[in-house]
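Construct the complete structure from the given sequences, taking the supplied hints into account.
For the protein sequence lines, the chains are A and B, in the order given. The opening position of the first sequence corresponds to residue 1 in our numbering, with each subsequent residue numbered one higher. The opening position of the second sequence corresponds to residue 202 in our numbering, with each subsequent residue numbered one higher.
Simulated from the structure, these hints should not be mistaken for lab results. As the structure is a computational prediction, the values presented were derived from the model and not from experiment. Be careful, since some hints might not be right.
Within a straight-line C-alpha distance of at most 20 Å, the following computed PhoX-like cross-link-like pairs (lysine-lysine) qualify [to be verified]:
#, chain 1, residue 1, chain 2, residue 2
1, B, K297, A, K101
2, B, K831, B, K656
3, A, K108, B, K316
4, B, K270, A, K159
5, B, K258, B, K831
6, A, K186, B, K297
7, A, K67, A, K186
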Amino acid sequence: MKALFSFVCCVFSLFLINSAIAENTVIATTSADKVSLSVEQVEKRLQIEQGELYNQHGDFIQRKYFKVLKKPFLSSGNFEISNNRFIWKTSKPVESAIIFKSGELYFKDNSGSKKAPAQASTIAQLLQHLIAGNFTALTDSFAFYDDNNTANCVTLKPKTSSMTAFIEQIILCGDNQVDEFVLFDKNMNRTEISISYNKEL
Amino acid sequence: MKRQLGLIQGLVAMFLLVFVLITGKAKFQADILSLLPQNVQTVVQDAESHFFDGNKKHVFISFSGTNAKLSHDQFLSLSQNKPWFNVKTLELDLEKAVQFYLPYQGRLLADNFSKSLSSSERYSLFASQKLTEIVNPFVSASIAQDPSLSTAEFVEQAFAKNDSLALEDGRLKSTSSEKGQQQFIIIFTIDNEALNVNKAITVAQEIKQVIHQVETQYPDSGVKYSGVLFHTAENSSQAKFEMSFFGGLSLLAMLVMVYFVFRSKTALLSVTLTIANAVIYGFIALALLFDSVHIISLVFGVTLIGISIDYCFHVLTELHNKKPSLTTVNKSILLGFISTALGYILLTLAPMSFLSQVATFIIAGLVGAMVCVFTLVPAISSSKLGLNNSKLDKQLRYLINIIHQFQARRVVLLVVVSALVFVSYLLLPIKFNDSIADLNGSSATLISNEAFHQKTLSGKDVKRLFILGSTIEQVLQTEEVIRSRVLALSSETDASSKLVSKVTAQAIPQVIPKVTGISDWLPSKQRQNDNNKQLMFAQSNDVFSSWQEATGLEVTFKTSAPLTYQAIKNSVVAPYVLPFIYVGLNNGTGVDKENNNDEFVSLLQLSNISRAQLVSITEGFGGRVITFDKAENISQIMTESRESLLYWFMLALIMFSLVIWFRFGLKAAGNHSLALVLSVSIALMLSYMIQGPLNLFNVLAMMLILALAIDYLIFYQYRGTNSSNVLAISLSALSSLFVFGVLIFSKTPAVYSFGLTVMLGIVSIFILAPLSVVNKEEQ
Chain A
1 MKALFSFVCC
11 VFSLFLINSA
21 IAENTVIATT
31 SADKVSLSVE
41 QVEKRLQIEQ
51 GELYNQHGDF
61 IQRKYFKVLK
71 KPFLSSGNFE
81 ISNNRFIWKT
91 SKPVESAIIF
101 KSGELYFKDN
111 SGSKKAPAQA
121 STIAQLLQHL
131 IAGNFTALTD
141 SFAFYDDNNT
151 ANCVTLKPKT
161 SSMTAFIEQI
171 ILCGDNQVDE
181 FVLFDKNMNR
191 TEISISYNKE
201 L
Chain B
202 MKRQLGLIQG
212 LVAMFLLVFV
222 LITGKAKFQA
232 DILSLLPQNV
242 QTVVQDAESH
252 FFDGNKKHVF
262 ISFSGTNAKL
272 SHDQFLSLSQ
282 NKPWFNVKTL
292 ELDLEKAVQF
302 YLPYQGRLLA
312 DNFSKSLSSS
322 ERYSLFASQK
332 LTEIVNPFVS
342 ASIAQDPSLS
352 TAEFVEQAFA
362 KNDSLALEDG
372 RLKSTSSEKG
382 QQQFIIIFTI
392 DNEALNVNKA
402 ITVAQEIKQV
412 IHQVETQYPD
422 SGVKYSGVLF
432 HTAENSSQAK
442 FEMSFFGGLS
452 LLAMLVMVYF
462 VFRSKTALLS
472 VTLTIANAVI
482 YGFIALALLF
492 DSVHIISLVF
502 GVTLIGISID
512 YCFHVLTELH
522 NKKPSLTTVN
532 KSILLGFIST
542 ALGYILLTLA
552 PMSFLSQVAT
562 FIIAGLVGAM
572 VCVFTLVPAI
582 SSSKLGLNNS
592 KLDKQLRYLI
602 NIIHQFQARR
612 VVLLVVVSAL
622 VFVSYLLLPI
632 KFNDSIADLN
642 GSSATLISNE
652 AFHQKTLSGK
662 DVKRLFILGS
672 TIEQVLQTEE
682 VIRSRVLALS
692 SETDASSKLV
702 SKVTAQAIPQ
712 VIPKVTGISD
722 WLPSKQRQND
732 NNKQLMFAQS
742 NDVFSSWQEA
752 TGLEVTFKTS
762 APLTYQAIKN
772 SVVAPYVLPF
782 IYVGLNNGTG
792 VDKENNNDEF
802 VSLLQLSNIS
812 RAQLVSITEG
822 FGGRVITFDK
832 AENISQIMTE
842 SRESLLYWFM
852 LALIMFSLVI
862 WFRFGLKAAG
872 NHSLALVLSV
882 SIALMLSYMI
892 QGPLNLFNVL
902 AMMLILALAI
912 DYLIFYQYRG
922 TNSSNVLAIS
932 LSALSSLFVF
942 GVLIFSKTPA
952 VYSFGLTVML
962 GIVSIFILAP
972 LSVVNKEEQ
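What follows is the structure in structure tokens.
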């Protein structure tokens, strides 16, 4: 379970934190004023067709906002995604990787490579499905809502207790591809992940 | 007068039988675990019940294959409304757990956190790593109150230890499944009532029907089931079948034999009444003396038919003598009963409680048989019985003739047989194998399912330790010493894994020894003080300064009171902790109070630990650390019981010899003892040749051979080789052969072993008994 939250990324220079300045622009919304969406409506809204986003690779930037921190915590890296493989590799501030292939999850950091417990695969699979735009796979765990703030965004609310333990809601935005998503936890701290794609694998 | 007495006792017995049936005093069970020997140490035994008894009510269903998820959901939807389906999920409230631990910030250190305190850089690396994680509810819930992240890491590590199953979209998923194989598990709890014999069979059938429906819909999925419920259902169905089949078969064979020999309906009625009276007496005694009767006891109890009918044969054969005299017969029966009862009382010395039930059933049953043959049988048979069977007479004369010829060559024959037995034991020393599996007649599928689920849920090379202490602090400190020894092993594994990784240039997942126990959630007070000192030292060495500068957070540690067992006991994490600690109240006054008279036992689980490593990890604690391996413990207890039974057998033999010496003289005593020893030796050797390594139940059979053999010897000694006695003994032997012979068809290894040895012993003693008897004529 420890590994569940360990998208390990270590700091060799804390100056990066100070340099990672971002505006606190995304606001979590309540579901009362939202309209429920079907998978087809979500795909239409984001102009994503199921399955077309597999076999991608690209870069990401992650900004972590805590209420007690004045500035967000920044990390970056790259990823690879295909039907049966997902690699999330953090290169800054320190190198680490999470590898999910053939149903098994491994972590790699400066202490070596180790098999991760299955709970961690919940988050790894969530990331994989979010980036791949595989909303059908997410229907068991999430309900989709219209996001009133932006036309190209949808809100995902967890349905299962295993998911609500970690995530309050996710706002996912994109146009033909998933460009950014924001995960809010129960304390309304948030993690913003921006994605840029390279050419297909 | 006799007839009236017989009828009165029959009426009383019937009344009592109706009473125990109506009042529900007769309860049955088939829980195989209840047959197991109990640990001698009371506190350990109680702790064992505390740790593991709840598991008896669990049912495990696993789903694998390409449609694992769908078959899981299908099972769930089909079972949802069934009365036996009851899933209790423990709500995981991480937030509340973190809030509970926050007041003890400064006293709690996780291993990783502790290591990171060696330098400012290392700590910054650790803390930054925590913040880069995409979602971490522990950090999120505690960073405002504890910016050092020590509480977050401590709680996260404690939860991380319990990771054999993960919740994925509301489904329990195994973390140890084979590569690429998804495996989902449903665990539900059944009522205690569902473990009763008949209910267990019904519930198990219903669950299997649901599984069958799921498998029909998703043929690619593999569905496996396990749990005590299925063992109970299989063993009780099996035992019920064996009881009715074996009982019925041997009864039928005996009735045919009786009719063939006596050619009389009154003889049949006498035999039937004797058996019925015996069974009713035995059943009433069981129902009144025991809370619940184990079905295996009744399977062994089938042997009552074979012994009780002997008494009837002796009376019947005597009654068709021209001048019947029942006085000698009755004396023989009484002496025979006393010796048989003594033999069965010895069974109660074995550690398995069900043997007391077997002994009670047989002894009470024999009382019933005896009452019947002393009262009813002579009354209904005396005037009408006439044996006119010339063929039988001829065969009987032939048999007596052989016996006489054998008796004439007694010395030579006994020497030859003794020499053969001696040589066979020299050439083929008997080996023993005491295994818990002997008690279990469950199917191979169920046993393999159970092994599979055990591996899935507990992992490989799992070892369990009981940590004993007079205070909770002592228990926790012992756990921490063991933990540090395992940590040292982890470092070795880690180093060797890195070396291999370097040589092969491949990332090799590490299999690191792991410890889980209550000290994950509650460090000892000594450890909490050390933690506090370590944190203060780190703070005074500016370990947190870089982190504080970078984040603007202020790391401070309060000097709080240490976390206690009392606080944990009433907290949100109690469900994770209390199942692993047992508080034994020695003085009987306190209720869960930690006072000086209490005894504490905790359960510490180690995984990925070899046996050799376990020895080095647990050495030096004396009796405070007990390796708990139920199967091994039982095997050990069974071995000890088997060995002690051999001594008891010797004692019983000596006692019997003394009685015979006193009653019939030294020569008779010597001859009888030799016959007994030879019979038992032959039975054991032949059993070994047929069955392979022997077990406790073959040795238990020795006790019964002794009890039956004494009967034969006493009857020969009292009544000699007259035709009615030889006929009665021959009929007894044949009936016993029917009864014990059918047991060799039992699927329960214990019943098979018992039946085989007794059967071989009866044949041996039937041949040897007349050889060893000093005839009345000789006297």
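Hint by hint, here is what the structure shows:
1. For a cut-off of 20 Å, the pair hint linking K297 (chain B) to K101 (chain A) is broken: about 34 Å separates their Cα positions.
2. Restraint check: the Cα-Cα separation between K831 (chain B) and K656 (chain B) comes to about 16 Å, which is no more than 20 Å; the hinted pair holds.
3. Only pairs whose Cα atoms come within 20 Å are accepted, and K108 (chain A) paired with K316 (chain B) is accepted, the gap being roughly 19 Å.
4. Our distance criterion of 20 Å between C-alpha atoms is met by K270 (chain B) and K159 (chain A), whose separation comes to about 17 Å.
5. Taking the CA atoms of K258 (chain B) and K831 (chain B), the gap is near 18 Å; set against the 20 Å cutoff, the hint holds.
6. Among the hinted pairs, K186 (chain A) with K297 (chain B) is consistent with the structure: their alpha-carbon atoms are about 12 Å apart, no more than 20 Å.
7. For the hint pairing K67 (chain A) with K186 (chain A), the CA-to-CA distance comes to about 12 Å; that is within 20 Å, so the pair holds.
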